[in-house]
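Chemist: Please put together the full structure from these sequences, using the hints given.
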Amino acid sequence: FRRVLFRSGPLLILAGAGSGKTGVITSRIAYLIGNGYARPDEILAVTFTNKAAEEMRHRVSGLLGADCSRMWVSTFHSLCARLLRREASAIGMSRDFVIYDSSDQLAVVKQGLKALNIDDGLVQPRAALSRISTAKNRMESPARMAEQAGWNRRDDLIAKVYEHYERTLRESSALDFDDLLLKTVDLFTDVPAVRQKYSAQFRFVMVDEYQDTNRPQYLLVQRIAEAHRNLCVVGDPDQSIYKWRGADLKNILDFEHDYPDAKVVTLERNYRSTQVILDAATAVISQ
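Quick note: our numbering has the sequence shown finishing at residue 355, numbered continuously throughout.
Because the hints were derived from the structure by calculation, they are not lab data. You can trust all of the hints, since none of them are fake.
Listed below are the simulated BS3-like cross-link pairs for lysine-lysine, each with C-alpha atoms no more than 25 Å apart in a straight line:
#, residue 1, residue 2
1, LYS178, LYS228
2, LYS228, LYS182
3, LYS318, LYS89
4, LYS318, LYS331
5, LYS119, LYS89
6, LYS331, LYS89
Modeler: Okay, here's the thing in structure tokens:
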């Protein structure tokens, strides 16, 4: 109950699987809106899947018995797309950009391999696209990838494909899913007026599955929450499974370093699993 009522300053909630973290987030949102501490459009809640975002929105509406369509509850990528559609011109981009899906991205990579006369037996298109995405999640440029390649011929070729890939997207006024994050970070970093506008608007920022955030997501959250510092993150270091796509466990482990005044609470009771399952999970985690 005290996690729901906490409303001043940074808050870290360490929550294992089945411990009711979604209930805490949604109840906290309902409490803040229902008691007049925030308007719906002053709440930003971010998670990783559309299903989780929709469930969160549905639960809050049920608790309040009111329409919460003005509340910003979405995935990171949906949030960034929404912000860029509004503000892209501030960083010299068209607001009518196209978003490339995985098949579009793969087509651009194959085009790059052909244009650079690179045998797709040496550099497979899907593998190259995966490496490009990993580099973007780590905020590494094609030049940085080439520098790190050293004498590795294959990595050097992928760096060239990466450069061609970026150029093609720019010329097509297109963004991939990773670009949605990167361009929004650029927007909030390079245009103080835009950063201040949204940081002032969002009085309460909540992030679910914080252990799975990567570098761009981490920076975006920091920028948005800087005005009011009412940042609540929920996560569990033991459940981090996305290192392969750039998730940085340090984001949650260093939260208390980033916010020395943070309040830390732990949800320790599991409402989902039997003791046998919990014992087995604990045995795995302990290794």
